[in-house]
Amino acid sequence: MTETDFRRTGSEAPAFPQDRTCPYQPPKAYTEWRGESPLTRVTLFDGRPAWLITGHAEGRALLADPRLSSDWGHPVFPVVVQRTEDRGGLAFPLIGVDDPLHARQRRMLIPSFGVKRMNAIRPSLQSLVDRLLDDMLAKGPVVDLVSAFALPVPSMAICELLGVPYGDHDFFEECSRDFVGAATSGEADAAFAKLYQYLHGLVAKKQAEPGDGLLDELIARQLEEGGLDHNEVVMIALVLLVAGHETTVNAIALGALTLMQHPEQIQVLLDDPAAVPGVVEELLRFTSVSDYMVRMAKEDIQVGGTTVKAGDAVLVSITLMNRDAQAYDDPDVFDARRNARHHVGFGHGIHQCLGQNLARAELEIALGTLFTRIPGLRLAVPLDEVSLKAGHDAQGPIELPVTW
Amino acid sequence: MTSRAAGTERRGAGHALRITVDRDRCIGSGQCVMTAPGVFTQDDEALVALLPGQEDGAGDSRVREVPLACPVQAIVITED
Ligand code: HEM
Ligand code: SF4
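Sequence lines, in order, name chains A and B.
All letters in the first sequence, in the order written, are residues 1 to 404 by the working numbering.
All letters in the second sequence, in the order written, are residues 1 to 80 by the working numbering.
The following block holds chain A by itself, in its conformation from the complex:
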């Protein structure tokens, strides 16, 4: 079916995605979709009808089902956000491909993201966070927590992980800031092109003079085994950057905001450092920074008595799966002591977040240290004046004025 075909059929179902009005509660329309059925009908911006999966158990089963595809390159793969340019038809490794190509790419990267490797970088994350908080405290309130804290942490962490030379950190951070903060897709495309150019040059430089980051490891393996070409290494670096930057910026900012709005629960974190990982898991469940995942059915699939047909667009609602009352008691309550096990904040199945252990390390250190050093941190404006990202973006505040 082409785009115009969708327009002609004119789906009557409600639009998806929608913007949140409260930073951490689902849009009102979403809550009406949490009925008996584990899936509902929605309409994408181009008029294409789609299934939205809302049930926790059904969603997990589907995400583990190879009959659902993530092949962004497919001519009728569902499109959720209008793009001005298709970025030169570049294939997106990992997140936009199916097995067996996906497995080959993921295998190459798994060693760089293991639990032990991510724990080993904690001390350097801690000193980065300490430095940023020193600066913030010296500057004094009111401070925008997004630009002073939530943004530089993931940006610097990714620089270190990839092996971006120290002297280029400022340039790199500026580009990713422009990319994440872009107001229009034209601006985002320009920032993307700049980053692509930079990474292209960096990979060439590293081929000549190896260092000790993830990119250097990939290049070394590529030279050894001939498994990757230059462009693939550049694209992998870009995917890591895009997938790992904006999500984590928003997870830190929205996590801090959620805690500030539940001051009694900040105490859980302050009383016992061992509680921090559990608080972070509950924040990942409750805030669902990545609101949805996009798939296409390759074959007919039965879901709760409904047939999803081959070729159908399938959107998987992370927000609603994480709020399914069959999986969590009082799902709309933020409970820092809850065991939020099996939340899908990082997805599920073969594409489950590659950077999840890095993200956990960043969140635990950033939020744990932020509230330990500034226990009285609070919002400097009323909650309804906090401007929010659009429904199709990573969910979180655009700016977060705080005081203490």
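If you are wondering where the hints come from, they were derived from the structure by calculation, not from laboratory data.
All values derive from a computational prediction rather than experimental measurement.
Virtual Cβ for every residue (Gly too), placed ideally from N, Cα, C.
Where hints are given, some of them may not hold.
Unchecked claim - These stretches of chain B come out as covered by chain A in the derived footprint (C-beta under 8 angstroms, 3 or more residues):
(1) 28-35
(2) 49-60
(3) 65-75
Start from chain A and add chain B with the ligands according to the hints.
Relative to the frame of chain A, chain B with the ligands by itself:
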């Protein structure tokens, strides 16, 4: 498997578990290590491995949650 007998003794009759891990499926998520760190670890390639002598899962009471936590069904627990 020698450790199974030991597991039976420690946990009482009827509770001996046997854990099998499928490293070809593993995507290195670390959910197993996070859920039951007394039983699971990741090796140098960051793929799932059982800690030595933990084939019976006796080292962690949350071990039964792990098959559901794994995103790719790489862990199977059978009970004798
Ligand atoms: C709190 C922060 C983060 C959140 C909420 C998050 C969320 C997600 C989600 C939901 C997916 C699954 C997408 C899908 O199935 O279609 C995913 C995949 C991915 N994430 Fe993250 N992510 C975060 C941080 C990171 C970081 C720090 C990195 C890397 C540096 C990263 C790299 C990736 C990659 C490469 C994939 C694709 C994996 C694959 O397809 O095998 N993410 N992430
Ligand atoms: S939970 Fe599953 S995928 Fe993740 S490391 Fe363990 S075995 Fe591998």
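Hints, verified against the model:
1. Taking a C-beta to C-beta cut-off of 8 angstroms, the segment 28-35 of chain B contributes 6 residues in contact with chain A, enough for the three needed, and the coverage statement holds.
2. For a cut-off of 8 angstroms, the count of residues in the segment 49-60 of chain B with a CB near a CB of chain A stands at 0, and the three-residue condition is violated.
3. Chain A is given as covering the segment 65-75 of chain B, and this holds because 6 residues of the stretch bring a CB closer than 8 angstroms to a CB of that chain, at least three being needed.
Consistency note: the structure conflicts with earlier hint 2 alone.
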